[in-house]
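Protein chains in written order, with the numbering used here: chain Z, 1 to 226; chain Y, 227 to 452; chain E, 453 to 752; chain C, 753 to 1052.
These are computed hints drawn from the structure, not numbers from a lab. From a predicted model like this one, the values you see are computed outputs, not experimental measurements. Just so you know, not all the hints are guaranteed correct.
[Said to hold, decoys possible] In silico DSS-like links for lysine-lysine, alpha-carbon gap of 30 Å or less:
| id | chain 1 | residue 1 | chain 2 | residue 2 |
| --- | --- | --- | --- | --- |
| 1 | Z | 179 | Z | 3 |
| 2 | E | 659 | Z | 179 |
| 3 | Y | 443 | Y | 412 |
| 4 | C | 832 | Z | 95 |
| 5 | Z | 198 | Y | 316 |
| 6 | Y | 277 | Z | 90 |
| 7 | Y | 254 | Y | 277 |
| 8 | Y | 443 | Y | 229 |
| 9 | Z | 95 | Z | 117 |
| 10 | Z | 71 | Z | 117 |
| 11 | C | 768 | E | 659 |
| 12 | Z | 3 | Z | 95 |
| 13 | Y | 424 | Y | 405 |
| 14 | C | 881 | E | 468 |
| 15 | Z | 113 | E | 746 |
| 16 | C | 959 | Y | 316 |
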Amino acid sequence: MIKFENVSKTYDGNELFALKNIQLHIEKGEFVFLVGPSGAGKSTFLRLILKDFDPSDGKILLNEINTKTLKKAEVQRLRRRMGVVFQDFKLLEGKTVFENVAFAMEVLRRDSKTIRKRVLQVLEIVGLDGMAERYPVAMSGGERQRVAIARAIINGPDILICDEPTGNLDPRTSFGIMKLLENINKFGTTIVMATHDKQVVDAFNKRVIILDRGLVKGDRQGGYFY
Amino acid sequence: MIKFENVSKTYDGNELFALKNIQLHIEKGEFVFLVGPSGAGKSTFLRLILKDFDPSDGKILLNEINTKTLKKAEVQRLRRRMGVVFQDFKLLEGKTVFENVAFAMEVLRRDSKTIRKRVLQVLEIVGLDGMAERYPVAMSGGERQRVAIARAIINGPDILICDEPTGNLDPRTSFGIMKLLENINKFGTTIVMATHDKQVVDAFNKRVIILDRGLVKGDRQGGYFY
Amino acid sequence: MRTFFNFFRDAYHNIKRNTLMSTASIASVVAALIIMGIILILAINVNYVVKQVEESLEMKIYLSDNIADERVSEIGEFIKATPHVATVEYLSKEKALEEFASWFGENEDKLLQGYAQNGNPLPRSYVVKVDDAAYLENIYDTVMAQEGVTDVVYGKEYVDVLLRFNRAINMVSFVIVVILSLVSLFTIYNTIKLTIYARRDDVEIMKYVGASNAYIQMPFIIEGSVLGLIGAGAAILLIRGAYTMILGMMQVNAALPLSTTLAPFGMVIYQIAIYFLIYGFVIGAAGSLISVSKFLRTSR
Amino acid sequence: MRTFFNFFRDAYHNIKRNTLMSTASIASVVAALIIMGIILILAINVNYVVKQVEESLEMKIYLSDNIADERVSEIGEFIKATPHVATVEYLSKEKALEEFASWFGENEDKLLQGYAQNGNPLPRSYVVKVDDAAYLENIYDTVMAQEGVTDVVYGKEYVDVLLRFNRAINMVSFVIVVILSLVSLFTIYNTIKLTIYARRDDVEIMKYVGASNAYIQMPFIIEGSVLGLIGAGAAILLIRGAYTMILGMMQVNAALPLSTTLAPFGMVIYQIAIYFLIYGFVIGAAGSLISVSKFLRTSR
Ligand SMILES: Nc1ncnc2c1ncn2[C@@H]1O[C@H](COP(=O)(O)OP(=O)(O)OP(=O)(O)O)[C@@H](O)[C@H]1O
Ligand SMILES: Nc1ncnc2c1ncn2[C@@H]1O[C@H](COP(=O)(O)OP(=O)(O)OP(=O)(O)O)[C@@H](O)[C@H]1O
Ligand SMILES: [Mg+2]
Ligand SMILES: [Mg+2]
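Pulled out of the complex, with its shape left as it was, chain Z reads as follows:
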């Protein structure tokens, strides 16, 4: 489903490789942890899948389609089938929690009754019941992170990309969220998740890709070995 073919990425004004010659294949329905030290290239890896930018070299195939060749409208359609939790959350500060989550569904042109029902459901699942009308500024770090998670999962995406989705959560809440993601994964969603959380990686026996300074340093089953 997600194929990295000899992918390299360098940023403007930074001669170092954020990623270098990555050769990888993530199957449909897989749950993959992406681990590695700070600055290893994890976020870069995820943003490439999202086509936030194109690789400097090599190509990325999503369902055998080179993402580089996608037109604007196709990128939009692709993203509607993806859910993303960003490392810095990226919430709309001017909208309430409800609106923040709802607008991901509005983009799919769902009717407002369905939207209302589903949003409240999902907010409850991530433990934010009763906070629908709050604005992001009026929330704690972990609460904001959960809004981002709710938005990412609400459309039942084909691919779920999570960048440190539990970085601001206590172990118990983290565990709950991980269970939720595992469940979503069981219903067919492919999940790629960058994390530093040793406890989480150790507890869920999944494929672990280890990045270090832009290189794949390991790719095996279970355990935070970095």
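On the provided structure of chain Z, position chains Y, E and C with the ligands as indicated by the hints.
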């Protein structure tokens, strides 16, 4: 040094208590972990020390002075003797890493040669050597977090307040940063640090204050018991 | 289905939430329209005054004493038939003398006496008014060519200065209108750009969720046009107020002949109002569309 | 020690980095100054033209035929001594008749003949020019009271209209200047507010580090004044360009008498320039100071 006397805090538009009747004393030179679930009131606790806002009820004494009575200029002087790492980093996006760290020293009117030397030193300590001229947007999550840490410690503050300073760092880097903080603490800086990182709390045998829904649920030595 | 209602609700909320941004946008529309309104009203007023002056201009056509009365009427008919001639009045020798003599106070009798003995030296004439001073020279040429016409007098220098003045005013105000329009447009465009810049994160996030360009642009465009309309409304009220105030001041200061020339605008303001609303709407919508589209193109 | 140099370096970097914000601020200063510049130049030009018209006005003072020549010179001296009288010219009976007769084409001889027999009916007169049309009425009253003066003629209606017109123009342009100045000030203030709003995070962060208000304000103030100066410079160049262009257009279109009345501003522009630079500096610095101080007060 830091005394909470029956402190309560509610936010506008939120009838729940973020903190309720907190009674606490943190001695000079202590190293305190603040743990608890998401939304427990940890960030609120830290922001009260910083006099980001005043308590709704009760009072906070810093060196026996009620922070509520402080005048603007006194608050400024107080903050210059404090270092803060925010949960969302709060870096100046328009300034380079160097400038971000340097300006905390400029506020103290140090001469530019001293500033230059010291900033580069501190950046090396947090593992960001060679990134001085980068802008925050061009950095990974963990790298930004370390800029924030560098800025917080550069003036050798009396009090160091850290809100999840290792949330975006891999275990190894986290450990390095924790060692650094422990060192700073040994030279007399009082440290109050909110964290979710069980590994960290368990590894460093410090006083642990457990918050839950605005209440102190525990206050003991060592271990992430929440 | 996301309905238009939602977009409007969002626009309403956004305007309320971003008071600063909204005021700034409205302010720049108001500023632009006030400037244009003032220039418009001034230009119309100046043209109005100039027109009045033009219409009061007289041309005198002196006739030879040696032509028959038939020829005199013939020339009268000819003048009447000349284009742009508004009114024609005949002045007989006697009438001319009377008028002329009345200029001299104590010497009037002496003067009339002189003429009674020597014959009236004043010629017959036609007094002509035109509807457009620009044609005076043409008329001069045609009439002068008529047999029996000895002289045509119309204060050529005065008319020339007036026409040039008029042309200069038109040109200067045209240049000013163009410059100020550009200035105001630029200001509005800048303000909208700033407000969208301040919300660039919103746009970015929407793109990440796969929102179509139309979906992203729509709220900005609606918001822009609503702000533009509000600005236009405010400008209309302000201009009306200022206009009324100026009229009031003029009536207090003196019974000016000018105050009457301003009056008809009590009506014109309603015509201006419609253009203003259209302008506000278009500039708001188009400004937002251009800014946000540009932003969409340049960002990923 | 943080030196002033650092502040300027920061201002320079900020201006370069925030191109959008900087352009917007500069643009609104330019807009304001262009508007004021145009109004200023227009007002000065109108006054200039009105002055010229006023100075060309003539007042005729007719003298009785029954007074001695000594009295005539006496009156002449008196007129010369009257305030605001610029020039006085004596017109003898013969000269008056000559001038008068020259108005009649083919009947000139007949006319002169008539007078030769009946005595010259035209009175002696003084032709007076004044330096300010507003005093014509005063002068009329004083001179009219002199013995031997039969009549004083100066186109009262014409002068009245002119004076009222002048007063109206002054009043209208004063109102317009006030309105437009407020509009421009508001725009500039808004723009600066927007740019500071866009950097509110910076201010917040600086406060967390314990920066003093002065430290926080300084870069904004320096930046604001630099932007104001740049804007003023741009406005000066633009107005000079436009002015030159208009002069050029006028010379192409026709040898206008007006183009000469515009000329002196080639000099005046340098005076305007100084005021503009001061204005840009002050408005930029003060606008920034007010906005950022307000922001500092309202935020924690
Ligand atoms: N926009 C950019 N311009 C230049 N360099 C960049 C940019 N973004 C990231 N980098 C660099 O690329 C490298 C990889 O960054 P990336 O964000 O992928 O790391 P990461 O694995 O997500 O780290 P973390 O765990 O700290 O979030 C880092 O060294 C970073 O400094
Ligand atoms: N500005 C605000 N307005 C209203 N409620 C707020 C505001 N800030 C925080 N809260 C609420 O106060 C409670 C405590 O927030 P706080 O940020 O202190 O939690 P925290 O312990 O830091 O959580 P986390 O670990 O998720 O960062 C939360 O329930 C939060 O929703
Ligand atoms: Mg990252
Ligand atoms: Mg927190």
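Hints, one by one, checked against the model:
1. Z:179 <-> Z:3: holds, 26 Å
2. E:659 <-> Z:179: Holds, at roughly 29 Å.
3. Y:443 <-> Y:412: Status holds; Cα separation ~28 Å.
4. C:832 <-> Z:95: violated, 81 Å
5. Z:198 <-> Y:316: Holds. Residue 198 of chain Z to residue 316 of chain Y sits at ~26 Å (cutoff 30 Å).
6. Y:277 <-> Z:90: Since the Cα atoms of residue 277 of chain Y and residue 90 of chain Z sit roughly 27 Å apart, the hinted pair holds (cutoff 30 Å).
7. Y:254 <-> Y:277: At roughly 18 Å apart (the allowed maximum being 30 Å), residue 277 of chain Y and residue 254 of chain Y satisfy the hint.
8. Y:443 <-> Y:229: With a Cα-Cα distance of about 17 Å, the restraint between residue 443 of chain Y and residue 229 of chain Y holds, given a limit of 30 Å.
9. Z:95 <-> Z:117: holds, 18 Å
10. Z:71 <-> Z:117: Judged against 30 Å, a Cα distance of about 33 Å means the pair is violated.
11. C:768 <-> E:659: The hint holds at about 28 Å.
12. Z:3 <-> Z:95: violated, 36 Å
13. Y:424 <-> Y:405: holds, 16 Å
14. C:881 <-> E:468: Distance of about 65 Å is beyond 30 Å: violated.
15. Z:113 <-> E:746: violated, 34 Å
16. C:959 <-> Y:316: Since the Cα atoms of residue 959 of chain C and residue 316 of chain Y sit roughly 12 Å apart, the hinted pair holds (cutoff 30 Å).
Hint check: violations occur at hints 4, 10, 12, 14, 15; the rest are consistent with the structure.
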